Every structure is written in structure tokens, then in C-alpha cells.
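*Asks:* Sequence:
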Amino acid sequence: NPLGSGGLVAAAFCSLLKTVWSGDESTTFSPIEFKATFTAFARHFNNNHQHDAQEFASSLLDVLHEDLNRVPSSSASSAADKLKSMSLTSNGSASKPQNKSITGMDDQQTALNTWKAHLERNDSVVVDRFQGLSRSTIRCPRCQKRVSKFDVYTSIHLDLDVNTILDAGTNTNSWATRLAPGDQHQPKPISIESCLKKFTRDEELDDSNPWTCPKCKEQVKAIKTVQLWSTPDVLILHLKRYTTSIQRDLNGNVNISRMKMDDAIEFPFGNDEQSYLDMNEFIAKDGVASEQSNRYALFGVVDHSGGMDINQGHYTSTVKHLKEKTWRDYNDTFVTGTPAPASGRDSSSTAYLLFYKRVQGSLKWGGMDTVMSLGVKGYKDMKKSSVKPVDDDGFTTVVRKAKKKR
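First residue of the sequence shown: 92, per the working numbering; consecutive thereafter.
It should be emphasised that the hints constitute simulated quantities derived from the structure, not laboratory data.
Everything numeric in this text was worked out from a predicted model, so none of it was measured.
Positions of the beta carbon are idealized from the N, C-alpha and C atoms, including for glycine.
Mixed in with the good hints, there may be bad ones.
Stated by the list, open to error - Simulated restraints on C-beta separations: (1) 234 with 288: 44 to 50 Å; (2) 307 with 216: 45 to 51 Å; (3) 297 with 115: 53 to 59 Å; (4) 139 with 94: 24 to 30 Å.
What the hints assert, rightly or not - Keeping only pairs whose Cα atoms sit at most 27 Å apart, straight-line, the calculated DSSO-like set for lysine-lysine is: (5) 288 with 308; (6) 448 with 288; (7) 240 with 376; (8) 448 with 416; (9) 279 with 351; (10) 308 with 236.
Generate coordinates for the entire structure from the input sequences, incorporating the hints supplied.
*Replies:* Below is the structure:
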């Protein structure tokens with residue numbers, strides 16, 4: 092595969108994992124060989140600078156996907172063109188036009204077609220366990236005409252749910268942090284659920300980004316809505332702590348600067364049911380929804396402290412040992428045990444990446460495997476179906492059939 096490393100990065104990553112899990116836990120290990128192999132293909136990491144942890148995780152998954160891709164590279168161009176042609180629903184320009192608004196059936200079939208086209212070019216363990224579908228809908232506020240588009244995602248990028256205030260004196264955007272009840276100094280943590288609600292909340296496009304409605308032919312400030320259609324076995328949440336601040340001085344000059352938001356984020360963290368993240372609320376009702384399978388347990392956090400730029404400061408991590416069911420903090424060469432909060436939730440002003448895994452079993456392609464095998468009716472079956480059980484390492488349990496007696 093010309094888009095991968097010829098398997099070198101996958102082999103180096105496999106060797107790294109073997110070394111980490113087979114070594115003496117009292118010693119530390121520097122992944123020099125893995126870094127050299129990875130940066131030979133991801134050249135923007137080939138230096139001694141600090142880099143964005145989210146960008147690194149995304150790049151690593153991309154390279155591993157291409158190294159392990161089961162689809163021959165010769166199928167790439169035709170599959171990419173087909174995927175592009177299936178991006179819109181039947182109310183868009185890519186399919187037959189209809190005068191009625193989008194129905195659940197229209198979107199369900201389009202999502203199915205989009206995922207099929209995606210698989211013609213992309214089929215790896217990364218696709219199996221790390222990727223899901225999202226639906227973006229644009230709606231005309233005048234005639235209610237809707238157009239939907241489906242996209243594949245590997246991580247969800249979340250804005251912090253803080254209030255934006257315009258300072259009339261300086262024309263400066265600032266962020267208002269909510270205060271805890273009865274405390275005028277202690278900020279109230281922002282829940283990860285409120286950030287997910289903001290992600291799926293209706294958004295009115297501004298005057299600088301008008302949309303031409305295909306029905307009434309008018310340029311309007313359309314309403315945009317993003318919803319999750321399916322969620323993968325491994326769910327990566329990226330907290331967007333860095334944003335752009337725009338300031339205008341008395342002479343009318345515009346100054347643009349980067350700001351870091353240190354607001355505390357509260358999220359499920361623990362080992363029992365009260366510490367699960369329930370994603371059903373954020374999945375489209377006509378999507379791949381299953382009450383039993385869309386609950387997630389945290390297994391890793393990447394923290395970023397200090398620094399007004401994502402390439403500065405200091406990265407640490409907290410990771411769950413899946414065999415021992417214990418938590419550990421990793422800070423350079425120091426590893427210490429840490430207890431899970433008794434409340435089942437944690438609050439952190441440094442959390443940057445959250446890694447969750449499906450609690451009950453495994454759903455290949457976020458459940459689209461079932462939908463593809465049964466067609467559109469598979470969406471209904473998903474709501475009542477059970478998931479395949481997996482062990483602590485994420486492997487599906489296989490039950491051998493008894494041999495027939497001769």
C-alpha cells in the first residue's frame with residue numbers, strides 16, 4: 092500500500108507493545124526505535140519538538156490503518172469517487188430529487204451506501220474498532236428543506252460548553268465560567284455530557300456563510316445539526332482547549348491570539364456502572380442505536396498542563412491496567428498507582444484526550460456490520476440485538492461447534 096509504510100510502522104508498534112508488556116515493571120523504556128520508524132513516514136514529527144498529542148494519535152492510527160488495510164491499493168481511486176457521489180441524501184444533488192423532506196428511510200439507506208463505499212477503499216482493524224459515522228444536516232429556516240451528509244470519523248472533537256461573551260469596550264471574545272453553588276471563587280466543572288450536547292446542538296450559520304436552499308432558491312442563514320449515526324468500540328474524545336481570541340484596538344487594528352481554556356471537565360471515571368458514559372442520547376434516533384451496547388467505560392486520559400500553545404507545556408497520562416483493574420499515572424519515567432474516584436466521576440482542568448471502550452462486547456463497524464448483512468431493516472434489529480462478548484484484551488469469544496458423531 093503506497094499510503095502506508097509497507098508494514099514497518101505496524102511491526103515497530105507491535106514490537107513496542109511486546110516490549111512494554113513483557114518487561115520488568117520496575118524499569119522504564121524509551122521507544123527510540125519506534126519513534127525513528129514512525130517519523131520516517133510522518134516527517135513532520137521528525138524532530139525534538141513537542142507535538143500535539145491528538146495529532147500524533149490521529150497520525151498513528153492513519154498509518155496503522157494503511158499498513159493493515161485489507162483492500163488492494165488499485166481499488167483506491169474508484170472507491171473514493173464512489174464515496175464522494177454518495178455523500179448526500181436523496182434530497183441532495185447526488186441522488187434522485189424528491190419534493191418531500193428527508194425521511195428516516197432515506198437517511199438510513201444513504202448511510203448504508205456511504206459505509207459500503209468507505210469499505211471499498213478502507214478495511215482494517217482500525218476501521219473495525221475505531222471508526223463511526225456522523226450525520227450533518229442543513230435545514231432551510233423558511234421552507235424546512237433539508238440536505239444531509241454522512242462522514243466517517245475516528246475521534247470526536249468537542250468544544251467546551253462555556254458561554255461566549257462579547258466585550259463591548261474592546262470587541263474581545265471572552266469565556267464565562269460557571270461558578271459552583273455558594274462559592275464565588277470555585278468554578279463549576281463542565282460535564283462531558285454538556286460538551287456532547289453542544290456538539291449535537293442546532294447551530295445557525297452566520298451571514299458570512301449563507302446557504303442557497305435548493306428548494307426556495309434563496310440564500311438563507313441555514314440551521315446546521317451534527318448527530319452521531321454510529322459509535323465505534325473505541326471512542327476517542329478530543330477536548331478543544333485551545334481557541335482563537337480576536338481583539339481590536341482603538342485604532343481599529345485586529346490582533347489574533349491563541350487562548351487556552353483551563354476549565355475543569357467532569358467525566359465518568361471508574362470501574363462500575365455509575366462510571367459509564369451513556370452515548371445513546373447523542374446518537375440519531377434513526378441511526379445505529381442500541382440501549383445495551385452504547386455505554387462506555389474510560390480506560391485512558393491524556394493530560395496537558397501549562398503552556399499557552401499545544402506544542403508547549405507538559406503531557407502526562409492516566410491509564411487503566413485492564414488485567415489488574417487498577418489505574419496508573421504516567422509522568423515521563425515516573426509511574427505511580429492512583430485510585431479511581433469513589434463517586435464514579437472525575438474532574439480535571441488538564442484532561443485533553445479521553446479514551447473510552449464499549450462496556451458490553453464488540454460491534455464491528457459500530458454496528459454497521461449487522462445493518463449491512465440485513466439491509467435497512469437491520470437498524471430495527473440493532474435496537475434489540477445483543478453484542479458479541481469479548482475478553483479483557485478486546486478479542487471476540489469464539490465458541491466451537493461440537494463435532495457430529497459418526
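*Asks:* All hints are to be evaluated individually against the structure, with a verdict given for each.
*Replies:* Comparing the hints with the structure gives:
The given range of 44 to 50 Å is broken by residue 234 and residue 288, whose C-beta atoms sit roughly 27 Å from each other. Our hint of 45 to 51 Å for residue 307 and residue 216 holds, since their Cβ atoms are close to 46 Å apart. About 58 Å separates the C-beta atoms of residue 297 and residue 115, a value consistent with the hinted range of 53 to 59 Å. A beta carbon spacing of about 27 Å between residue 139 and residue 94 agrees with the range 24 to 30 Å that was offered as a hint.
The straight-line distance between the Cα atoms of residue 288 and residue 308 is roughly 31 Å, outside the 27 Å bound, and the hint therefore fails. Taking the CA atoms of residue 448 and residue 288, the gap is about 20 Å. The hint holds against a cut of 27 Å. For the suggested pair residue 240 and residue 376, the alpha carbons sit about 16 Å apart, so the restraint of at most 27 Å is met. About 14 Å separates the Cα atoms of residue 448 and residue 416, which keeps this hinted pair within 27 Å; it holds.
The suggested pairing of residue 279 with residue 351 holds, with an alpha-carbon distance near 17 Å, which does not exceed 27 Å. With a C-alpha separation of about 11 Å, the suggested pairing of residue 308 with residue 236 holds against the 27 Å cut-off.
Hints 1, 5 from the list above are not met by this structure, while the remaining hints are.
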